[in-house]
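Let's have the full structure, built from the sequences with the hints guiding it.
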Amino acid sequence: GQQLNQSPQSMFIQEGEDVSMNCTSSSIFNTWLWYKQEPGEGPVLLIALYKAGELTSNGRLTAQFGITRKDSFLNISASIPSDVGIYFCAGQLRAFGNEKLTFGTGTRLTIIP
Amino acid sequence: DAGVIQSPRHEVTEMGQEVTLRCKPISGHDYLFWYRQTMMRGLELLIYFNNNVPIDDSGMPEDRFSAKMPNASFSTLKIQPSEPRDSAVYFCASTSGTRGQYFGPGTRLTVL
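Just so you know, the protein sequences line up as chains G and S, in that order.
Under the numbering used here, the residue at position 106 of the first sequence is numbered 106, and the numbers go up by one with no gaps.
In the numbering used here, each number is its position in the second sequence, counted from 1, plus 113.
Worth flagging that the hints you see were computed from the coordinates, not collected in a lab.
Honestly, I wouldn't trust all of these hints.
As the list claims (entries may be wrong) - A partial selection of chain G residues facing chain S, derived with a Cβ cut-off under 8 Å:
{"#": "1", "residue": "Leu45"}
{"#": "2", "residue": "Ala48"}
{"#": "3", "residue": "Glu99"}
{"#": "4", "residue": "Lys100"}
{"#": "5", "residue": "Phe103"}
{"#": "6", "residue": "Thr105"}
Claimed, not checked - The following residues of chain S were derived to be distant from chain G, with all beta-carbon distances above 12 Å:
{"#": "7", "residue": "Thr126"}
{"#": "8", "residue": "Thr133"}
{"#": "9", "residue": "Gly141"}
{"#": "10", "residue": "Phe146"}
{"#": "11", "residue": "Glu175"}
{"#": "12", "residue": "Lys191"}
{"#": "13", "residue": "Pro194"}
{"#": "14", "residue": "Pro197"}
Idealized CB from N, CA, C, for every residue including glycine.
Here is the structure:
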């Protein structure tokens with residue numbers, strides 16, 4: 001099945017640094033979601049975006065719905081050790097009865113002590 | 114709320130055996146999804162239900178896989194017979210359709 005392209009695939013950063021990652025698609029979506037997955041756990045929803053151009057924050061996390069509706073961005077400010085994990089974007093073309101998500105390939109975040 | 118509950122958390126079985134994975138969605142959610150996650154293929158949607166009715170099973174890999182949802186609080190994913198290539202983490206997720214899907218902790222399946 002289709003997967004969205006996420007970049008970078010992995011990041012190695014020092015605590016306190018800011019993080020930026022993005023997700024691109026060849027087709028448009030009307031909903032973008034960002035999830036975080038830690039080892040041995042299921043993905044956890046971080047942010048949901050429902051409108052092109054929308055900018056939404058959740059604590060140190062900020063995500064944007066690209067105006068082309070084919071991309072989305074996630075920023076993490078002042079990273080801390082508990083930010084370690086894999087971040088997935090997911091796109092959805094919401095329509096009556098369609099609740100399918102298309103997931104990105106993931107960005108693995110590692111914090112160097 | 115307890116969140117999505119899956120059992121077992123780990124399953125090790127031999128090729129050819131039947132495997133049944135179980136899921137209890139969040140109360141009040143009317144959509145339930147089964148996903149499979151592997152390093153090679155990432156997160157793949159296998160099937161999803163709305164109000165206990167299968168809506169899209171196009172992701173089910175083959176006839177060895179089947180899923181049921183007999184009521185709003187329980188679903189099963191069955192693999193019969195299992196094969197080594199079925200080894201993966203299987204996730205169940207649920208939603209009410211308003212704010213994304215909520216995932217369970219997953220079942221790690223190993224088929225020897």
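Structure-based check of each hint:
A hinted interface residue such as G:Leu45 counts as satisfied when its beta carbon comes closer than 8 Å to some beta carbon of chain S; here the least separation is about 4 Å, so the hint holds. Nearest Cβ of chain S to the Cβ of G:Ala48: about 5 Å, under the 8 Å cut. The hint holds. Evaluation of the G:Glu99 hint against chain S yields a held restraint, the C-beta minimum of about 5 Å falling below 8 Å. Annotation: G:Lys100 was flagged as interfacial toward chain S, and the flag holds, the nearest CB pair being 6 Å apart, inside 8 Å.
Using the Cβ-Cβ criterion of 8 Å, the hint placing G:Phe103 at the interface with chain S is satisfied: the shortest such distance is roughly 4 Å. Taken as an interface hint, G:Thr105 checks out: its beta carbon lies about 6 Å from the nearest beta carbon of chain S, inside 8 Å. Consistency note on S:Thr126: stated as away from chain G, and its beta-carbon is indeed over 12 Å from all of that chain's, at 20 Å minimum. Look at S:Thr133: its CB is around 19 Å from the nearest CB on chain G, clear of 12 Å, so calling it non-interface holds up.
Every Cβ of chain G is farther than 12 Å from the Cβ of S:Gly141; the closest lies at roughly 15 Å, confirming the non-interface assignment. Non-interface call for S:Phe146 relative to chain G: violated, since the shortest CB-CB distance, roughly 8 Å, does not exceed 12 Å. Even its closest Cβ contact with chain G, about 15 Å, leaves S:Glu175 beyond 12 Å, as expected for a residue assigned away from the interface. With a cut of 12 Å on Cβ distances, S:Lys191 stays outside the contact zone with chain G, its closest approach being about 20 Å.
At the 12 Å boundary, the C-beta of S:Pro194 stays outside the reach of chain G, the nearest C-beta of that chain being 24 Å off. The non-interface label for S:Pro197 is consistent with chain G: the shortest C-beta to C-beta separation is roughly 22 Å, beyond 12 Å.
Hint 10 alone, counting from the list given before, is not met by this structure.
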